[in-house]
Amino acid sequence: MDLDDTQDQAAYRAQVRAWLDEHKAEAPVLEGEGALTDESEIIAARRAWQGKLAEAGLAGVTWPKDFGGQGMGPIEQVICNQEIARAKVPGILDAIGVGMLGPTIIAHGTDEQKSRYLGPMLHGDEVWCQLFSEPAAGSDLAAVQARARQQEDGSWKLSGQKVWTTNAQFASYGLLLARTDADVPKHKGLTMFIVPIDAPGVTVRGLRQISGEAEFNEVFFDDVSIDADSVVGGVGNGWGTALTTLMFERVTIGLGSEGLGYNSSRFAAAIAGQPDARRDHEVRKELGEIASELLAVRFTGYRTLTALQKGQVPGPESGLAKITIVSGAIKAGDLIADVFGPDALAENSQWAYMISFLPGLKSAGGTEEILRNTIGERVLGLPPAPRLDKGIPFSELRSKETAAA
Amino acid sequence: MDLDDTQDQAAYRAQVRAWLDEHKAEAPVLEGEGALTDESEIIAARRAWQGKLAEAGLAGVTWPKDFGGQGMGPIEQVICNQEIARAKVPGILDAIGVGMLGPTIIAHGTDEQKSRYLGPMLHGDEVWCQLFSEPAAGSDLAAVQARARQQEDGSWKLSGQKVWTTNAQFASYGLLLARTDADVPKHKGLTMFIVPIDAPGVTVRGLRQISGEAEFNEVFFDDVSIDADSVVGGVGNGWGTALTTLMFERVTIGLGSEGLGYNSSRFAAAIAGQPDARRDHEVRKELGEIASELLAVRFTGYRTLTALQKGQVPGPESGLAKITIVSGAIKAGDLIADVFGPDALAENSQWAYMISFLPGLKSAGGTEEILRNTIGERVLGLPPAPRLDKGIPFSELRSKETAAA
Amino acid sequence: MNLSLSDEQEFLREAARGALSRFKTLEADREALDGNPEALPDLWATAKEAGWPGLLIDEQHGGAGLDAFDAMLVLGECGRVIAPIALLGHLPATAILNDAAAGASLLEPLATGERRAAYLPVSPPDDLVENWTAEPRSGITRAAAPVLSGSGEDARVSGEIAFVPDAPGADLLVGVALLDGKPVGIAVEADASGVTIEPTSRYDASRSLGHVTLAEAPALVLDAPAEALASAWHLAQALIAAESLGSVETALDVSVEYAKERHTFGRAIGSYQAVKHSLTEVLRQLDNGRSLLYYAGWARRGAPDEFPLAASAARSVAGRALDNAARTMISVHGGIGATWEHDAPLYFRRAQLSRRLLGGTAGATDRVAGELMAQADAA
Amino acid sequence: MNLSLSDEQEFLREAARGALSRFKTLEADREALDGNPEALPDLWATAKEAGWPGLLIDEQHGGAGLDAFDAMLVLGECGRVIAPIALLGHLPATAILNDAAAGASLLEPLATGERRAAYLPVSPPDDLVENWTAEPRSGITRAAAPVLSGSGEDARVSGEIAFVPDAPGADLLVGVALLDGKPVGIAVEADASGVTIEPTSRYDASRSLGHVTLAEAPALVLDAPAEALASAWHLAQALIAAESLGSVETALDVSVEYAKERHTFGRAIGSYQAVKHSLTEVLRQLDNGRSLLYYAGWARRGAPDEFPLAASAARSVAGRALDNAARTMISVHGGIGATWEHDAPLYFRRAQLSRRLLGGTAGATDRVAGELMAQADAA
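Protein chains in written order, with our numbering: chain U, 4 to 408; chain Z, 4 to 408; chain G, 7 to 385; chain F, 7 to 385.
If you are wondering where the hints come from, they were derived from the structure by calculation, not from laboratory data. Fair warning: there could be bad hints in the mix.
With a straight-line Cα cutoff of 20 Å, these simulated EDC-like cross-link-like pairs (lysine to aspartate or glutamate) come out [stated by the list, open to error]: (1) U:334 - G:312; (2) G:266 - Z:201; (3) G:266 - U:143; (4) U:313 - U:11.
Please work from the sequences and hints to get the whole structure.
Here it is in structure tokens:
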């Protein structure tokens, strides 16, 4: 048991650190002194920076060499992430594309798709977004209603709506899960497509959250034409392809550093700044409980990494870390606002922003309830609840539901 | 809105108080100086005391006059309970019989049953017990397996096992729910019987709880003969009869004073005795939260009483009070043991006893989960979960379950 | 023994619900959050029509001569629709003036609503804190109460009280100041010299707040016993508790409706225990809170010694109930419940701010413990 | 970066599980609770065979020269079956002696298990408490640490330490005493003059406790740095955390099995979200606790500055995990889970007592906050 680098890892870390020391001045400044403020400038700068990282081999570390990656292991990816964080420079802009969508294309895409899309994705020339969730298909992803109908010429016509889409406002392409056959059970009639966001009939609209900021988008598709060769993983295999993406999502989370900046040190520092609060037993108990759980997540990450190194794929239990992070951060927000009083809820307060952001995060990517179902069934082996939608053609489901209600 | 007695109520209270002042010396002493210790002596003394209370009209206050009651309302019953508590004398021994089983017989019994059983029950000459729950039929009461088969002569043969039976060790009779037809859906094939506990084939065994004390009994029935005229409410109507008993159970709880001695004052007094603890913000927060909820239960009781006065029957929401009391008392036990340290867990400690008793109480009379289901469906109108046992003959259920598993 | 509403109280509540239903308060609240505070309706006119400003003022001075519980019923209706109405500040102020028999000239215009008062929250001592303390600008340590000097015509008050509900636009400020360490009731004209009211808002645009600074401001010294001054604090606790539980009612109703309609995996989500039990938990807290409102409503006159306990317990339960109801409302609605256009965030914002005003839910909870331990000592 | 068990560690754990499986520890616990403590098996012999007494003693003195994590693996197995074994007292004591290079004559018999030591729990200062404090007999206020007087042959120690794990029957008592306010490591022969060990038991018959009184007892002063003395306290925290998580594993396994078999309303109860989610919550806490055991196991040597934080965090999470796992075990089993003959109450009793020993879960949680705020100050 050991948390230190091997010689090779140390050498790689030194190499990454050296490059960052030399080039970090070229990185876009997003906070403090002379930070960029204009949204489009920020995006442009971050795309350029992703390009430089890719050139230097600091993006797509685990991608195969053939596709511009380094063909290295998860540990090197983490070392790379750690060094980027240490250098206090932004990471790649298109983490979703490079972390989840690219690997999906590598796994299921055609040679043409790989050669056409992977390069520009890796270098940030073309940003991608994930078009899976819908208003009526969030936790129950297989219930997607976005409909793609094949034309005589083999091309497709797509209509429907996606939601909770990150980066869609500046994305070039999206990986989209659509229903291509409604007369078979819902997991069977799905197909994965590559969709150009600039195609006629595609509308991207920002979706404002509690904070008032549009952290996600809604994307509408009105009779959008898609080429026949934009199917990924074969017609009718969309569910399997989607599962691959979700698996890479778990890997990305597993490799990610402690939960989105919701870590014990940050919260402890906030409380430490309040002389009375830091000596209050009630405040200390709350902080101690929250911090212990968040500390655990860091080491759960190292355990996941150990498993990844051994070629094991993280299972659904990795969702437990998300539950711990979100519930811990929510408790921390409550505590900090209690300690600072209403000022913690001021417009420009980082805490007000966090308090507003977390309720949405709790539901993002499947509600906590669904996560607990999945873990209870797949990890603990508990029996599933009776399903009323098993084996029923998708087209008949809604009527059945209404009957049941 | 008013918490004071009306003139009539004040007069009744005075009358009850006068009788108690005059006779409380005759009440058995159960605590402190010269308290009885021998179990059977205690029972005998409490039965005699119940007899005196009944003579004086302080038992079965709400029973019709025809059956030895006072024909008064719930408010008088509460006044009576309050005065008995104030006089620091024991209440009636057979609260289950007089509170729940007697009223069930009054509602569904034959004239013969009423004239034979109600008098001795009210006076404590014959103590009763409730024989509903079984090892495999607790929350799911309608799943009882105790089987009664009718003989040519119209009498019945009963075999099976009941559990969580209070007072069975000294009871004369029990009201028992048995399955008389297994070939119809489970709610349909049930019948309610009056069973003499001294009948051949009946075995009562104490069931020890976490504390080591046998607070309940298991009762076994091995081919017990029951007369034809001991059916209550008609063959096949057992479920309806049982619902009446459960309704009276809710009324009894509604009339009961704040939860079983788990009240805010008791816990506050314990903490107040610890000079350091009482000034600790963390301890005070815990105590304040627990106490606020328990205080609420007292006034929820008054609201229930107001409803009862208006002839309304308490609905399943009264179960919320039980949840509040049990979870509040569990938190209080944790807090007090934290404040007193391991000494609170000493053998003879009232707190150790409470901490041991509560987990069982949590499940007694239907688990919290089932309570929340019922309240969610009957009070909030939320849809039930899909039932796999609807309309299926009881005899086929188990095989179906095993298939589902 | 009767814990139910009188016909008059039923009517008062229905009338309030009807009067407030004429306004799109939630839409206005959202627009105000978006930077347009002028979108908020002027509900003071409605309050005047309904006679709410005089609820706690004796009839002889043009008031309705009603008691805390009636005021709590109205606040509950305001909470249901998150109405931006200045009663939380006005009512405790009028309670002090009425108890002090402040006289017709002062009381009548407040009873009609022609003038509006705001209560300066200063909390009475408890078993740990022996001083009267004021709302602080920040942090968990409470600030010193204002201090009074001089007397009669020359009485002057100095001090600061932060986050005073409904202070902006109020005509009269009523509260407590210390004279040689003893609490004295004071009334200060908002436009008097030395009075500064810094309007402020935090997270919940429907709640008008102000930091009040008094610098040698001329004060009218009230003939109010310390009990009346303490009682006003506890009344404010009971009122915000009632208001919070009103919000819980709406949050629960809306969530239950959605849980019946929304389907996932072929079932209405309300049929899943996770949803069903969390909504039942909201009901449990709501029901406990309601019971404590009865306790507080009865105790203010029926058992004044218990009013601090009753009001604090109601605030404690109601505060936690609203916290949980708002979060449950969001999560039952899934992702959409966390979007700007949805109403759930408005109840969430209300919960977040209310929890930290008027001494905070935590302060009330602490007082419950203190009151009960004091009772135990006495027993 | 490698957070997995070595083959040796896998073997150590499997061997421990095998060795302990030869005893009916749960039945014995139940019988002991019923007043027959002699029913408890003598597991010290087993510990000797397996070499556990010498786990933390250098090989040159007959020990295995292993580290905290290895000891935690063994304690985890003991916790799985609630084994009445004296390692919680013995191991931190040997850690102090080993760090103090106490010499072969002292260490070797302890390494073989020929003699047994018990650790006298004295907690190091933190950001709020500047003194070393001992376990109190009752209440939340910690007691004064024992005091040392004289030196060399004439060194004498006086003081009381309550609820010392495994003190009854120990040959040697090892801990901390204050000399002119400075912490010094001490070893006291249990049979020396002035030493009284009052055997006691609380709620969990499998846990042997003793109130230790030292009255001018002759003490061997150890050459141990203050860090080593503090480290022993944190080691004890890590060990009880590991032991608790072992109990959580069994509680979870048994509950999951029952939830698959038991049917109600025509479905296995494990298919209901209420049961499924509560068992998932136990898994979540268990998983977090395991991660922190790795942290603590690594930090003791790999990052000594972080050991107090790591061990305290592990204790904090593990303590809450066992509380919840035991209660969940009871409630998943319905009424039967709360009966004497069932195993669930044994895990419940273990949880109730463990939570309040060695400074308590609450004390560890408080230290986590203190350590992190100190880190923040330093940063």
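Hint check:
Proximity of residue 334 of chain U to residue 312 of chain G is assessed by CA-CA distance (about 32 Å); at most 20 Å being required, the pair is judged violated. Among the hinted pairs, residue 266 of chain G with residue 201 of chain Z is inconsistent with the structure: their alpha-carbon atoms are about 51 Å apart, more than 20 Å. For the proposed pair residue 266 of chain G and residue 143 of chain U, the alpha carbon gap of about 17 Å is at most 20 Å, so the pair holds. The straight-line distance between the Cα atoms of residue 313 of chain U and residue 11 of chain U is roughly 17 Å, inside the 20 Å bound, and the hint therefore holds.
Checked against the numbered hints above, the structure violates hints 1 and 2; every other hint is satisfied.
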